[in-house]
Amino acid sequence: MRGLQILVDGFAISTLYALGAIGFSLIFGVSGVLNLAHGGIMVAAAVAAWYIAGPLGAGQYVGALAGVGCGIIAAFATYGLVVRPIQRSRAIPRDETEIFVLTATLLWGIMIQEAIAYFFTDSPITVRPLINGVVDIFGVRTPANEILTAAICWVSIGLLWLLVNRTRAGKTLLAASINPRGLTLLGFELSSVYLLVWAIYGVLAAIAGVLLAMFLGTSSNNIGVLTASAFSIVVLGGLGSVSGSLIAAYIIGYLETVTAYLISPTLRTIPSLLLLVLVVYLRPQGLFGRR
Amino acid sequence: MIMPGQILRQEETMKKTASARQMALGAVGACALALPAFGAAQAADPIRIGVIAENSAISGIAITNGAMLAADEINAAGGINGRKVEIVDYDDHNSATDAVRAFQRAVNQDHVVAVIGSYMSEVALALEPWAARLHTPYITPGAASNEITRHVKDDYAHNKYTFHGYLTSTAIADANCDFSHDFLVEKLGMKTTVMLSEDAAWTKPLDEESKRCLPKAGLAILDSVRVSPDTTDFTPIFNKIEGQRPDVITTGISHVGVQPTVQWHSEQVPVPMSGISSQATTTSFWRDTNGATEGVIAQVVATPDVAITPKTIPYATAYFKRFGVTPAYTGYTTDDDVHIIAEAVGRAGSNDADKIVAEMEKTDYVGTIGRIAFYGQDSEFPHGLKYGADFVSGLMIQWQDGKQITVWPARIANGTLKFPSFIKLPTQHASAQ
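Just so you know, the protein sequences line up as chains A and B, in that order. Everything in the first sequence is counted per my numbering, starting at -10 for the first residue and increasing by one. Everything in the second sequence is counted per my numbering, starting at 771 for the first residue and increasing by one.
Bear in mind the hints are in silico, worked out from the structure with no lab data behind them. For clarity, every value in this text was computed on a predicted model and none was experimentally measured. Check each hint, because a few of them may be wrong.
[Claimed, not checked] Simulated coverage check for chain B against chain A, where a stretch passes if three residues somewhere in it have a Cβ under 8 angstroms from a Cβ of chain A:
(1) 821 to 835
(2) 995 to 1001
[Stated by the list, open to error] Short derived list, chain A residues pointing at chain B, Cβ under 7 angstroms:
(3) L205
(4) R272
(5) Q274
From the three backbone atoms N, C-alpha and C, an ideal C-beta is built for every residue, glycine too.
Full structure from sequences and hints, please.
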């Protein structure tokens, strides 16, 4: 009974972690950008979904879609206003671009956090679930929305897989992550590849943000934690490896759930952090890293 | 403040040597000598009160808003002995360091006569020693920890500047036990409970007192669960509690609120939640949880539509008119605190901290949350709010269809308990077995 409960609860959490981290990993793989405003984009999407669905009275479906839309806008704003100007700046030495992007996205994330706290307060909110009610899975009372959440996540991941492996644009993306220089030599415009990857990233991060806020609630105070959790999943899985992130998300999700159920909910994140330290120490390229 | 004696000494040394440094000192002394001339104008000087709160939190901004509203009300009525009340507000970003810096600035630069600050016990406890060091009356409108008044008791001479303008954790637990006895045990036949509290300074004395008074009220405690304030997934916790089959979950939560409530609702945990849930006291909680709070019972000091005193409803109405939301609990207490300080300054007839403290101790003021008086130096909780039916006792509300219905105490109740369909009450347990 308890084992089954862990299986069900852990699956939903892990799937959400995976969706949040995949976009983060993809963008690093393709453009070498570590986007530390990641949590900010997720929470911005969630708060928009909550505000449009609840206080503005548009209902949960419109709210969720509008929230995802706002997340995409936030992702493009991050790229257009913060990342691209730094990448193009002549004043910043080439080999220092990455550290500038890192710092700038971190600050941008803090700006998003402060703005949300200012306009919507930092008290936690929850996005209205898409469907209500509970489903009995072999005696485990599971909210129907939790099942829908896992389904949406897997459909999104599946679509991403199709996009990357079965379409021309996706293959360009893959090529860019393997050898960007080779791609430019073949006459491809890297900037359009970047735009595509930021668009994909925006969709994934926004969906993850909105769904997570239905499940656990959200607040501007969660932004740092969300960025950190995506970061540790990506490091564990291997920087730039999308399938690595996917597996790492399940490892961390289940490790946390097992700890919460069998040891104590207060110690939830400790074993996964220990694992992260261990991996960085023994296998710094991550479990499935290429370099 | 430079005392007249010091100034004289400085002027004497100035006669002996005339180095540049002493010239400067003398200039300061001369300026200070000129001060009493301004003293005559003091009657018209504003009474400046510092307000330190976290502006991005619901309970924090209500402190700032409540203070502004109270000041405007006093000023519209002509002020205190002709002196206007002026609020100087600071955002502490929920950081004790920021709050302490704000306190120092309020006293040293902005020359406030008293400070109202923070609903967080951790922050209030950081400000308490500064109230002592800077000899400035300080009152917290929302922190609950017993430590606040314990410091006053342990070292009255130093810490007498601090007042506790909200119920202590012990009083809060007592009120909840009284309600549990009157309602849950007597009317609903409940016999067992599991306590669910967040790990924070204010819940330690709360749990201690609850463990003493809940069994007396008729609820046997099956377990006491303490959770980290940054817990996000409460499923394992509810799972464990449900397995123990209590009749009710007695909550002690403040920093967490939305997550446990939403998960309690979405997972249809069949045990009612009752007790202290600070976020559930704000009227925006329905919106924040999308109605998941239906059936949750929470303790509050006041609600917008129950006339605890003749001042409660007019105040809540004025607050809503100006800020578009109903006040959080700290909005009510802050309104009372501004009046208490302003009237004490009026009675003291000066800005002298010790005189103001002496007058604040004599407070007997009918505010928005009840009749307010402070316990004396020899009591268990010196400078704490007097708890009881004749003073401040708080009330219990239950969320029903988007409204907070007052269910206890009986003399002001406007409804009775009603639970969502997934809740199983003890009588239903019996019939199901």
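Evaluated hints:
| no. | hint | verdict |
| --- | --- | --- |
| 1 | 821 to 835 | holds (count 4) |
| 2 | 995 to 1001 | holds (count 5) |
| 3 | L205 | holds (5 angstroms) |
| 4 | R272 | violated (29 angstroms) |
| 5 | Q274 | violated (30 angstroms) |
The structure fails hints 4 and 5 (numbered hints given earlier, in ascending order).
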